[in-house]
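Peer 1: We have chain A already, so just place chain B on it with the hints.
Protein chains: 2
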Amino acid sequence: MFEQKRFLMIPGPTPVPESALIELAKHPLPHRSPEFSEIFLNCTEGLKNIALTQKAIPFIYTASGTGAMEAVLANVLSPNLKVLSVINGVFGKRWADMAELFGADVERIVLPAGQAVKPEQIKEALEKNKDIKLVLVTFSETSTGVVNPLEEIAKIVKNSKAVLAVDAITGLGAMPLKMDEWGIDIIVSGSQKGFMIPPGLAFAWVGQRAWDLHKESKFPRFYWDWTKAQKALEDKTTAFTPNVSLICALKETLRLMQAEGIEQTWKRHERLKQCTRRSVVAMGLELLTDDSSASSAITAIKKPDGLEVKQIRQKLKQDWQIVIADGQAELQGKIFRIGHLGFVCDRDILTGLSALALTLEDLGFKVNASWKDVYNQTLKQFS
Amino acid sequence: MFEQKRFLMIPGPTPVPESALIELAKHPLPHRSPEFSEIFLNCTEGLKNIALTQKAIPFIYTASGTGAMEAVLANVLSPNLKVLSVINGVFGKRWADMAELFGADVERIVLPAGQAVKPEQIKEALEKNKDIKLVLVTFSETSTGVVNPLEEIAKIVKNSKAVLAVDAITGLGAMPLKMDEWGIDIIVSGSQKGFMIPPGLAFAWVGQRAWDLHKESKFPRFYWDWTKAQKALEDKTTAFTPNVSLICALKETLRLMQAEGIEQTWKRHERLKQCTRRSVVAMGLELLTDDSSASSAITAIKKPDGLEVKQIRQKLKQDWQIVIADGQAELQGKIFRIGHLGFVCDRDILTGLSALALTLEDLGFKVNASWKDVYNQTLKQFS
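Those protein sequences? They're chains A and B, same order as listed.
So in the working numbering, spot 245 of the first sequence is number 245, and the numbers just go up one at a time.
So in the working numbering, spot 209 of the second sequence is number 209, and the numbers just go up one at a time.
Please keep in mind that the hints were generated in silico from the structure rather than gathered at the bench.
Careful, some of the hints might be misleading.
Intra- or inter-copy, both count: the list cannot distinguish identical chains.
Capping the alpha-carbon separation at 30 Å, the derived lysine-lysine pairs in DSSO-like fashion look like this [to be verified]:
no. : residue 1 : residue 2
1   : K5        : K251
2   : K251      : K26
3   : K155      : K267
4   : K93       : K123
5   : K228      : K82
6   : K372      : K302
7   : K161      : K251
8   : K310      : K26
A quick note: this is a predicted structure, and the numbers were derived from the prediction, not measured.
Looking at chain A on its own, in the form it has when it is part of the complex:
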């Protein structure tokens, strides 16, 4: 079958609209030019709109998402700074480990796989340890598809001395996140998720309370430095040679996001999630996360008895050219993950679920045919 028929239903890279791909195919602009400055500032404004902030400053890094997570730490840490870390999976654990490696004194709230943190757990931890200066939370944990109750968490952290930093790499653009209204101090995200372009850019939105902590920070930094980035932004440019092609593509996808409208984008992702979750349950499969803490970006499904995740993924790829993800770390081989983030429409989910159903049948798993009715009802209910 045509290799180019490959269809990604993984949590990133997500599908890229043609109009953004075309931007990437253009000869790169000189990065120190008025033309590029205009595009760069346009993206900066667009990023504010997506995070619903007018107060925070968005910085664009030429880096992977992990780079932006490192950047947060490099900009606010000082030796032995007290950090509270919420760990729901691989990426929450990575951030906590990174903070510890960078000399922070890290307290961890570790949740079982697929479970969200309870806001009270954070409240208790902050009350017990008044010295906590930084709280690290994952919005949508890519490894499990669990989403943490960010609005309530922000309310709690805002009333403490701590600054709240949120890894929204997978979640931003898929689910409501209101930086100013909720009072979140730092958000990070990446280009290859809700922003619908290939990997290579990472973003950090920095609010005033975060900036205050940055001013006190005694961590050596250069490439990640917010002060340098801010100074460059005042000059309508970046501190270092940026990935100009991806920034041009970002301008295009931010335009598409603006055209859809952020509330509609959230609604679409909610629908994609509900259709996916209810349909696979109707098929006879089991979900990893509860409805109450299920991400709109990705759905994690438990492997049915008697089948292997590897088998399912291989057959989906071979027969239908659809790529889905395995579990990560201790969940490898136990769950498979379907991404429904970014440039994804209802037809894509119907396609993916139909192919999944046939694949499971072919592998000997009896799929309940009623899933299509459930899909159809869910689609109508959430339209």
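Peer 2: Quick look at chain B alone, frame taken from chain A:
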């Protein structure tokens, strides 16, 4: 005039071949897939060939070139490590400042603008201070177009206890650089220079002596960590989500470089340099650097009396859609820089020089018409 006729003759981003642009326009591959692993390993091998090394390991970062420069320091520094820094301009200064910021004890050899370091200066410094563990040298300083005598420098450093790290961001691919034969320990480069693709990837080649220093290093690092990158490379992948699109484009330009042959690539750049330098001198202009230390990547030309660099650049852009660079830092407004690096042919130089000559004439500078004969003779001599 068509905006898309824009023609870059700056030191980066350099022009990109169509076949590489087309790679960028493709839907991104999943980064954890056998297809991508194959491309990634192909690039790793290709990078070895360009630096003429079989012993060093090339790491591919999703970052600007500055990121790879930071990576070198993050992987080898320890508090108060003695560093010798050669400064020929903006980028050499940046690396030294970065090392100091990261806690190194930095000794600087500062050269006047446009002047190369003398190998004896490095020899003396190393003999005077036997504790020096790291020597930072710029191969081709982008801000002045000066090239340092790397082969002789490497010979000296190799016989000391120090490790030699070379910023070859602009020079690699334009001029002979033989990592193994000369005994260079670390090289860094970037995608938007000799590698002929847009900015967004940076490279670090790490040799055995550098690896030994890395093992002793006590600097906190995560995103830049060579040990993590090496472990991932053994698994045929990257430690963090890479810019898959640029890596696919890199595979294509490495193929083009391989097809031309590295010696031919050097020869072509030597010809582009000689044609540029001799022609502008024939026009009546003055060069910043001596022939003995002139980079094949970029030529810096002193502003003629009575004209402004800004005028020349603006008119070249307006009339001919050609973008050249101003000087940087204290050289701003004093020199202009013409890039002739990467995907550049003889016709491009003839075009650029012809437009420059007309522009200067229009601005009232009397151009000596004999420059075309000089161009023609030089072209034949170096073909």
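Peer 1: Hint by hint, say whether it matches the structure.
Peer 2: Results for each hint:
1. K5 with K251: both (26 Å within a copy, 21 Å between copies)
2. K251 with K26: both (14 Å within a copy, 18 Å between copies)
3. K155 with K267: within (24 Å within a copy, 64 Å between copies)
4. K93 with K123: within (20 Å within a copy, 47 Å between copies)
5. K228 with K82: both (25 Å within a copy, 26 Å between copies)
6. K372 with K302: within (20 Å within a copy, 73 Å between copies)
7. K161 with K251: neither (36 Å within a copy, 49 Å between copies)
8. K310 with K26: between (38 Å within a copy, 27 Å between copies)
Violated hint: 7 only; the structure is consistent with all others.
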